[in-house]
Structures are given as structure tokens and as C-alpha cells.
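Undergrad: Single-letter residue listing:
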Amino acid sequence: MAETKSCDTELKTAFPSIVQRDTTQREFSHFFVAKDLLPTIARHLHTQPGLHGRLALLWAVDNRPARNTYELHYLFTLEPSHRWVLLSTELAKDDRVFPSITPHIHAAQWYEREIRDMFGLIPQGHPDLRRLVRHEHWPQGAHPLKKDFPWDRALGRQQGEHRFHRIEGEGVFEVPVGPIHAGIIEPGHFRFSVAGEPIMQLELHHFWTHRGVEKLFEQQPLAAAVPLAERVSGDTTFGHSLAYCQAVESLRHLDVPRRGRYLRSLFLELERLHNHLGDVGAICNDTAYALPHAHCSRMKEQIMQLNDRLTGSRFLRGLNRVGGVALDLTAAQLAEIAAEIDRMEQDFSELESIIAHNASLIDRLEATGVLTERTAWDHAVVGVVGRASGLDQDLRRDRPFAAYDELSVKVVHYRYGDVRARMRVRMDEIHESMRLIREIRLRIPQGPVAVESSPRAQAGEWALSAVEGWRGEILYMVMAGDNETIQRCKVRDPSFVNWPAIQWAVIGNIIPDFPLINKSFNLSYAGNDL
Amino acid sequence: MPPIVQSLLLVTAQVIVLLAVSPFLVGLIRKVKARFQCRQGAGVFQPYADLAKLFHKQPVLSTTTSWIFTATPYILFASTLSAGLLVPTLSSQAPLNFAGNIIALVYLLALGTFFLILAGLDAGSAFGGMGGSREAIVASLTEPTMILSVFTIALTAGSTNLSTIVHKTALLEGIVTDPSPHLMALAALFIVTLAETGRVPVDNPATHLELTMIHEAMVLEYSGRYLALVEWAAGLKLAVFLSLIANVFAPWGIATTLTPAALAIGLVAYAVKIAGLAVSIGVLECMFAKLRLFRVTDLLGVAFILALLGLLFFYILRS
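Sequences listed follow chains A and B, in order. Residues in the first sequence are numbered from 1 upward in steps of one, following our numbering. Residues in the second sequence are numbered from 531 upward in steps of one, following our numbering.
Bound-form chain B, shown alone (with noise of 0.2 Å):
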């Protein structure tokens, strides 16, 4: 098989795999916590339903918005799209691997958490510039912690390029004996992927209460496909965090050749990883309030130290 058609059959199949499992896994996190609550809840597949929706409804646009508005949900949507296909998912080899690193990955999803903020002001109403101003509060805090985190695992592999950390873990090539520094890392990742993707303890995806939002803040004027591609960014977003957290501190399972029966296990594997991810995700959700919004800076602050004590730990370590 030429490489040419290789690399266009596996970042078809990537977007395949990002595109559908996405609104499962925000289906799956409902469904926990609506079980936790004593409640049946919506069926997992209901946000496929949601968006099938939203497709169909014709959007409404304030007279006040500009094209902004209008061009955010595709920017966002391609932005977050593009930086899945950087992260390994069946396989150790992600798609795009060539074209960037961990650092193309943190800024790809700053690009749509920007123009997410520009269209929440450009709307002019007063939630929007709210959570716009929190939403950029957030994102500054969790960006450098977002890259530290995973130069504790780059270090260890020798390279900031995704697929080969995740290969080259996935070999146990290079892997130190004392775990910790991974640990903390992975600590401060799990805090980064709840923050950025909006869920408790840091934003209440739930709530009605435009006061109290976050991420919901800078949405509430999208309606239609508009929205339905903002949440589908928006899932799309978990499970690229998903994915990350699962294959650079676990990758067990992961396909490292491109055979059927490779990538059948990785297949199997990923599923059973992120699923297990999102079901703590929404255990998670109903352990805990969320924190007032000024603590919510103390909460990143701790994972921004757990991510660089984890560096520390590994030079430590390994002298």
C-alpha cells in the first residue's frame, strides 16, 4: 500500500472513530450520573439523537452578530477535529502525526476556545462576555499545566511528537521504574481535561443558571446546526482529552503495527479505556459541588505544581 493511502485510510478512519464516539461519551457520563441519582435517564445514544435534531432546526441569528458568529462553530469544530487526528487512538500511529506535536495539540484547541470566547462577546449579550472572561481565566491556567503534564511522559520517551511517546510507551521502551512522576502527571491531566472540558467541579454542563456558567455562557446564543456543531466540538473536545489521558499513561492494548488483528485489540482496548474514563468522569460529577468560581484558580494552581513537581521527580530519579 502506498503511504499515501495509508496515511488518507487512517485519518479516515480516526475521524470516523472521534466523530462517533464522541456524543457516546457524553451520553455515558448523563447516564452515570443520572443512575447515581436514582433516575433511569436518557439512553446513551441520545445525544446522537440531539444533534440529528439540531441539524435540522433552522438556526437563529441575533441581528447584532457579525461573521464571527457564524464562522466559530466551523473553526471550532475543525480545530478540535484536526487536533483529535494528533493524538493516537486504535493505533499508536496517530494520522497527522507528522504535521505537529503535543504543543500543535494545546494550541489547535486554544484556536477554538479563542474564537468561542470572540463569538460569546460578539453576541453582546451579558452572559456571553461573562463566560467569555471566565472561559479565558480557565484556559490560561490549564495551558502550561496541559504541556508540562505531558513533557513529564515526553522526557521519558525522548520526543514531544505524540505517536512516538505513545509507541515507544506502549513498548515499554525507555519506562522508568518508579512510577510517580506519571502519576502526578496524570493527576494534573485529569484536572486539566475536567476544566477544559467544562464538568464538574469547574463548570455545571447541567445547570439552567446562566450566572453560574462557564462554558454553557458562551453558547447559549447558538441554536440549530450552529449548536449542534458547538456540542459536537464540545464532545469531540472529551474525547480527544480522553484519548490523551488513556494512550500516553496507558497505552496497553494500542495497536503498534497496522495488522487487522492489531488494530481489532486496539480497537477493543480504547473502547474499554475511555468508557471506563467518562463513567469516573460522571462518578466524579456527583461526589462533588462545584467550587466557587475564584477557588476554581486554586484548583489549577494544584495541578499546574503536581505537573512540575512530576518533571522534577523524573530528573531526580533518573540522576
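One chain only, chain A, in its complex shape (with noise of 0.2 Å):
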């Protein structure tokens, strides 16, 4: 706490123009400051050694309707003591320009476009305006997050292009990837620039079905919209939904019982599992070493069908509501995941060592796609890569949430940054969750998995909320509106920060091993594409 005191005296001193206010959250200073300011200050959070803000989080709110005003907001997590810190900033009335911060803060790249598109303000100083989110075939003017725009609107199209960036030269060729792909893979658009095999630059071309997700959750009444937030990226289910409950139970004051919590971390856990024993197949099996895919994805189908046995939903669905989880386990249920997960760990112990020993496999994966320690931060990636990257982060140990203050998660993280290096978190992270899950069961204490009684929230005030997904760090900002309705949900995907990371991992690699780079980062188009 003292720390808190001293960095945010030090802030105020720095800038004596920032206002502090007051927040109910705990490990959370909010400042409000005047837009001119906004570069300065985030430059000051983002680079001074004894801060090392990383850039969490940017939204926008267009609360015209009650102020005339758009509002907007900086997250930064304070890398040291892991604080969050909020800068807020109002424009006031016609004013449709903010300073950029991205000229200092490369992380605001794509959400000060994202802004652009779905609010219509524009980034002053932002050196690539090309529109992001919103294609070119979209409508003048169609700007979805803006309170009047009506949700269930049909958009027209016009003509328009996208326009890469291009590199000139002999031997020069562009090669465009998707967005409809061989694979069961979701539309993405990737423009490589390559002479010969090595590539030179790789621009993505991404939001290809916009679903409207933020837009729906302002349809939506606040204790309802759970099965949207677990619709936003398929194979994080449970870590979306838990996300936003917790910003719901926040907003509404609920403390969650004990042993829900621990169910919420359990769950969390084998979700990570899951997924992790198929991304480690899906990586041996990129190098067509498909062994063990198959063993891997034999173990993914084991827990996904433990899921099932246990909740009816392989995807852990319908599971989270607002003040804790919807379903009890018994000593029984306990001790079957228990048996399950002590025989896989056996089972992936073993095929462990057979990658380990394969030096053909070896050789495809170590120095192939590095991303530097540099380049993770200059993007504030999160998560699985950013761990493999040096970048030491993890939620569950740095902002305990479920259970997590009384189980210690021991967090892996390596420096080299290569395909290996994303393969080992994973393997590593695998076995910690298995250890955690033991935990549980060993810890889980009796009582209600739930509470009931829901004060109402206040309408104008707002959540957030971060879970460490499987992927990484889940944010969610839930602003209450009247009536129990949403105002303003804001989803963040680990995906939306890693994705423009890998355009600088596949630098130099070759095109052939492009699949195999990206399957390491493993990011979902829909949780991006929200």
C-alpha cells in the first residue's frame, strides 16, 4: 500500500493538473485528466523505470445521452507491483478528436483505430488510419458503438479497398493467405511480402465477421448476458464467462462463497488443460509429426468428456452466473477428476520425454518465429506468448482472482521466444494445472457454491474484471446502465493484443514455416473479432 501512496503522490506531483478520484476497487488509483495531457502522462506511465506501465486497456464510452460527452479510459498495469492504474479523459460536446498515443505507446495501435471505427473519433497523430475493424465495403458513417446507432440495423455496402502496404523490388512477390482457408480455421487475411521463401513483411487483414458482440451486450439485462460473454471465443468459455461475472458481482457488490470460487478455479484449470494438450499436438503436428497430435488430442477429448460427465457442457457452458457457479461437485465427482488427471499426468509425462527426444522435432521449433522480449512489450502482449517471450505476467499469481489467493500457481516463463519456447509454457502450464487441480481438491472447503440476494447496481457506474485464460489476461469493463441494463460492455481478448505481435515473430522465417509460427500463437479470430 505504501507504494501505491508513494507512486500516485509521485503522479500528482509530476502532473499537478490530474484530478484522483475516488474508487471502490481495490489496487486501483484513477486519475482524470485533460485531454491535451493524456500523451504526456501515458508516455511518463508507459516509460518511466519505476513504473512500467504496460498498456492493459483502452475503451470508449459515448455518453452522450447523460453528459453529452465521450469518455475515454487508458489502463495500465503498473509491471513492478502489478497496480492498475486508470487515466480517463472527456471530450466535450462536437469535439470528435483525441490525441494519439500511439507515436509512444505502440500497444494503442489497433485499439485507437478500433475506437475510430466504432465510435467515428479520430485519433489525431496516429500514423496508420486505415480502418481496422470496420471494412472498407462498410457505409460512411456507420459507427456501431455509438449510442444512436440502432443494433439491429442492416448495413449497406459501398465500394471500397483495402490497402496494404507494399514492398517494391526484384524478385519481390506478395502472397495473399485467406481469408477462406484449407482447414477448420476460422477467416483471417494474411498479405506476405516475400522474396524467395524468407519473408519480408506480413501485414494481417483481420475482422472479417463482425458479430456485434459489445453492441448485443448493450441489448442485454446484466444478469443475462452470461451466455453471450461465453460465446465471444468458443474455447474459452469458461474464461470469458467468469470475466464477466466477476465485473458483474463487483458492479453489484456480491462476494462469491468460498468453495465457488474454488470451483471457478477448478473449471479455469481444465480449460487451460484442454486447450493446452491440443495446441501441443496441433504444434508437432504443423511439423507433420503427427503422433503426438494423436495422443494429445486423444487427452483433450479425455478432459472434455470429463467436462461433460460433469457439467452436461464439454465446453464448461452454462456453468458461471452472477454471484457464483450453477452446480455443486460431490466428494465423488472430486476424486474422479482427481483419478483422471493423476493417469494423464502419467500419460503426457511420457510422451513428454518422446518430444523431448525427437531432434527432428527439436530442430523445426527452436529458433523459428522469435518474438524478442522488446517487441512482446512494445505490443503489451499477454499470456502464453508473453511468457515465452521473458515477459514474467500471470494474473492468477499477480491479481488473484476465484481462488487463486490461496492456491499458489507457480508461473513458468522462458526468454528465448521461439515456437519451443511457446511449446514448453504450455507443457509446463499442463502440469501446473494438474497440480492446482489436486490442490483444489485437497482445499475446497463446504459451503454454498453461490449467492442469491443481488443489490441492485447503480446506474453510470462501471466494473472491470481479469481472468488469466488459458490464452492470458481476459479484461472485461461492464458500466451499469438503468434498470439493471448494460450501458457499455468492453471485451478483451488476449488475442486482440497478441495478434499484431506475430507480424513481427514470422520476420526473416521462412514461408513454409509461417502455419507453424502461427499455431504456436495460437490466437482466436473471434475473440478478436468481436
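Keep in mind the hints are simulated off the structure, nothing from the lab. Hints may be right or wrong, so weigh each one.
[Claimed, not checked] The calculated label-pair distances, taken between Cβ atoms and stated as ranges, are: (1) Glu174/A to Cys568/B: 37 to 43 Å; (2) Asp405/A to Ser753/B: 56 to 62 Å; (3) Thr827/B to Gln140/A: 39 to 45 Å.
Built from N, CA and C at the ideal position, the CB exists for glycine as well.
Work from the hints to combine the two standalone chains into their complex.
TA: See the structure below:
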């Protein structure tokens, strides 16, 4: 806490004009700043050695109905202390321009373009003002998150062409890949500039299937939007619903019972397990080494069938609800999980040694697709990808949620940043998840799994929530409206921040290695394209 | 029996054998891989059903393609089948042995590859060109190795005619006491086989990732009967290479006369040998990851050196 105080005081001394606001959430300072000062303060937070602020989230709110303003919020995580600092500013009536912080903080680039597309606000000074989410065929002036944009209006079409960054020269070719792929993959376009096989540049062009998720949230009552959160990214059903529920619980000042918290940690680890198992196999499969893929797929299937037996849903749907979880597990069921995990750990360890001793596989993985620590930091990369590039961050340890305050999570990180490091992080986390599941079984207290009473949330109040899903940091900002509606819900899947980093990890690699690098990131298209 | 009738019969028999056996080899390799991965896998006769299905489907042609694209499957199929008629299978007398030797075989296969590369470029997709350029690298590196490795055996037999080579080896004429040159040549030819037929660790026939493909990238635009011909030709090429390895290096059991009894033994021996080779390819595919594209040249370099050493050893051992 002393550290918190000193940091707040330092900011206030450095920038006398900023106003600190009281917050009800712990470990969280909120400052209100004038928009012109924003880039300077943001840069200060980002670059000061003692602060080391990572831009975790940037969101806008159309507050015209209430106050006739647009609000912009910049959330920083100070890496030494993992504390949150929020900078907020307001655009006065008819002001549609805000200063871009991208020239100082690279990680803001997609957020600012997204805000421009969704709200029609212009980030002044942004080096790349092409459309991001709103593809060129979307009509002029269609900014879906503005309050006066009806959610059920069909978009028209207009002519337009996306301009890619071009590299020209003798022997330089462009290779377009996607958005339709040969496998069962979501739509995404990759534009390579290659000279022979080596990649000189990769540019992503995603956001092909915009579903309007954040707009749809605004049409739902607070308590009924959990199924929507579960469908943001199908492979992270539980992570997303947990992040959403936590935000609403914090708005309603609900305290989830301990047993409910332990069950949430349990299900989150089960989700991590089946996804990591699938990824380890898939990485091997992309080098044509299909044996581990077959075994990992089997183990993944076993976990998913276990999910099904325990909860009735392979993807852990319908488990989270505001106030806790929807079902309790018996002691026999917990023993069944532990037995399954014990069997699988032996199985997986055996497979691990087969993988580790296959020189032809290791040769493909090592030094492939290196994401340096510096590039990872500049992109504010999170989760598995960050930990493989030397960023020692994990919300389960750094900002404990669910029952992680009572569980000791061992966080692994590697500094190599190559495909092998990303696979090793996953393999180590599989063991750690199995250990956590056992620990949960031993420590889980008796008692209720959910609370019923729900005090009403105040209109205009908002809450932040963070969950370390299997892919990385999932953030939700939920703002309550009148009568238990949602005024604004900002969803941030880890994929949104990790996707741009892949463009740098592939440079200098050869084009046939791209699918392997992409698989080692394994990012969600749906979670990215809300 | 007049010689012309006998020749025609031999050609017909060999065409039937090659056409019949090639989808089976593909199915067998897939089955072995599936079993190693603890999967049931499709039946070994699935490739026949796939071919039948493809022949009944309407082909879709891109508007950017020219006659090369539609002619290539026929050229590829015909050239690969002709190459197959130069290789002894059941009998040491290959049906077309009077028409060409090992060099003719290499360049008949190269003709098919050449047109396939052209067809890949012709379709105008980004992947076709990429596959084509990679195939060109692989083909140009395998060609000398393939010739050299068979030359080691040719020197033993004193002829480049495959039938003569196989016949003499089968009758143990002129065989050297030390088999090391032959073993080196065999290793070289096996690597060439993996590369030429697009198997792991050079190419991955099972992948859906276009960016990593070699052979599959060139044929991505094919459909219907054209695809069927291309796939069947790929199976034929596999059969040709396996027959070459089986009968040049281990001609045991092959019919050296055209009596029914000898041919029956030849058939059984042939079936066992190429099935064994197909299984060994399947097993290998389960043990290794695919090489990085630029490491493929290293592997083919090793194959070339092996073939060359085989030749040198032959001379050293003889003198």
C-alpha cells in the first residue's frame, strides 16, 4: 500500500493538473486528466523505470445521452507492483478528436483504430488511419457503438479497397493467404511480401465476421448476458464468462462464497488443460509429426468428456452465473477428476519425453518465429506468448481472482521467444494445472457455491475484471445502465493484443514455417473480431 | 507364341499390375500411420473409392488456365505409366525393356514433373507457383542421385538396361562379395524415393497447410477426373520407385522365365516386397518431423554423396 501511495503522489507531483478519483476497487488508482495532457502522462507511466506501465486496455464510452460527452479510458498495469492505474478523459460536446498515444506507446495502435471505427472519433497523430474493424465496404458514417446507431440495422455496402503496405523491388512477391483456408480455421487474411522463401513483411487483415458483440451486450440485462460472454470465443467459454460474472459481481458488491471460488478455479484449470493439450499436439502436427497430435487429441477429448460428465457441457457452458457457479460437485466427482488427472499426468509425461527426444522435431521448433522480449513488451503481449518471450506475468499470481489467493501458482517463463519456448510454456502449465486441480480438491471448503441476493447496480457505475484464461489475460469492463441494463461492455480477449505481434515474429523466417509459428501463438479470430 | 503377342501380353499384364497396386500402396501407408497413431484409420482400399468418386465428379476449371492445365494430368499419367513399363515387376523382363534404359526412366518421370510445375504456374494461384519452385529444387537434386545409385548396380551387371540388371542380379551373375556399394546406393535411392514421392521428411501428403506444401500445392486447383489422374499418377510414381528398389536391390523370387509357376512366385515375392517397403515408409513417417525446407537440400546432398561413394567403393573393391 505504501508503494501505491508513493506512486500516486509522484504522479500528482509530476502533473499537478490531474485529479484523483475515489475508487471502490482495491489496488486501483483512477486519475482524470485533460485530453491534451494525456499523451505526456501516458508516456510517463509507460517509460518511467519505476512505473513500467503496460497498456492493458483502452476503451471509449458514448456518454452523450447523459452528459453529452465521449469518455476515453486508458488502463495501465504497473509491472513491478501489478497495480492498475486508470487515466480517463472526456471529449467535450462536438469534439470528435483525441490525441493519439500510439507514437509513444505502440500497443495503443489497434485500440485507437478500433475506437475510430466504432465511435467515429479521430486519434490525431496516429500513424496508420486505415480502417481496422470496419472494412472498406462498410458505409461511411456507420459507427456501431455510438448510442444512436440501432443495433438491428442492416449495414449497407459501399465500394472500397483495403490498401496493404507494399514492398516493391526485383523478385519481391506478394502472397495472399485467406480469408478462406483449407482447414477448419476461422477467416483471416495474411498478406506476405516475400523474396524467395524468406518473409520480408506480413500484414494481417482480420475482422471479417464482425458480430457486434459489444453492441449486443448493450441490449441485454446485466444478469442475462452470461451466455453471450460464453460465446465470445468458443474455446475460452469459461474464461470469458468468469470475467464477465466477476465484473457484474463487483458492480453489485456480491461476495462469491469460497466453495464457488474454488470451483471456478477448478473449471478454469480444466479449460486450460484441454486447450493446452490440443495446442501441444497441433504444434507437433504442423511439422508433420503426427504421433503426439494423435495422443494429445485423445487426452484433450478425455478432458472434454470429463467436462461433459461433470457438468453436461464439453465446453463448460452454463456453469458461471452472477454470484457463483450453477452446480456443485460431490466428493466422489472431485475424486473422479483427481483420478483422471493422475492417469493423464503419467501419460503426458511419457509423451513429453518422446517429444523432447525427437531431434527432427526440436530442430523445427528451435529459433523459429522468435518474438523478442522488447517486441513483446512494446505490443503489451499477454499470456502464453508473453511468458515464452520473457514477460513474467500471470494474473493468477499477480492479481489473484477466484480462489487463486489461497492457491500458490508457480509461473513459468522462458526468454527465448521461439516456437519451442511457447510449446514448453504450455507443457509446463499442463503440469501446473494438474497440480492445481489436485490442490483444489484437497483445499476446497464446504458451503454454498453461489449467493442469491443481488443489490441493484447503480446506473453509470462500472467495474473492471481480469481473468488469466488459458490464452492469457481476459479483461472486461462492464458499465451499468438504468434498471439493470448494460450501458457499455468492453471485452478484450488476449488475441486482440497478441495478433499484431505475430507480424514481427515471422520476419526473416521462411514462408513454409509460418503455419507453425501461427499455431504456436494459436490466437482466436472470434475473440479478436467482436 | 509369337514375340509380338508375348510383348503385348506382358505390357497388358504390367499395366494392370501397376494400376491395381498403386492405390493400395497409398492406402497401406495411410493405414500404417493411422495404426501408429492409435487410430482405426480408413480401410486400405479407400484410395480406390476416392478415385472412383473423383472420376464421377465434374471438374472445375479456373478461367485463367490454358491447355497446359488440362493436358498435364494425361501427360503426367501417361509418362509415369510408361516409366513403370521400364521397371521389372513380376518378371525380370520389363515389357518395354527394348525401348529404354534407366536414363529413359529418369527422364520420363522428369517429363511429368516438368508439366506438373507448368500446370501449377498455369492456374495463377500464389500456392501453385510456390509449390512449383520447391518441386523444381527437389527434382533437380534427386535426378543425379537417382541415376548414380542405379549406376552402381549397372556397373555390376554391365548394362544400364533395367531388365538385364535385374536378370543378372537375380541369377547372381557378377555379384560382388562385398555388398557395401549396393547398400549405399540403396540408401541413396530410398531417400530419393521419399523426396520424389512427396513423403515425410521432405513433404507432407496429409497436410492442409498450403504454405508448407510442395507436391500438393501444385495440384491444389485440380478437381474431378483431372485430380483423379494426378492422384493416381502420384500413386503410380510411388509404385515405380518401390518396384525399382525391390527388384534392382533384392530381385529374389522374381520370375526369370515366363512360366506360370515362376510368374506366380514372382507375384507373391513382388507383393511382399513392395508392401514391406510401403509399411517401412509409413513407419518412418510416424518417427520424424518434416525437415525445414532449406534442410531438404542437405538431406538430398547426403543422398548424392552416398550414391557417389557407392560408385567409388565399387571400383575400389574391384581393383
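Undergrad: Is 56 to 62 Å respected by the C-beta to C-beta distance linking Asp405/A and Ser753/B?
TA: holds (59 Å)
Undergrad: Do the beta carbons of Thr827/B and Gln140/A sit within 39 to 45 Å of each other?
TA: Since Thr827/B and Gln140/A have Cβ atoms about 53 Å apart, the given range 39 to 45 Å is violated.
Undergrad: Kindly confirm whether 37 to 43 Å is satisfied by the beta carbon distance between Glu174/A and Cys568/B.
TA: holds (42 Å)
Checked against the numbered hints given earlier, the structure breaks only hint 3 and satisfies all the rest.
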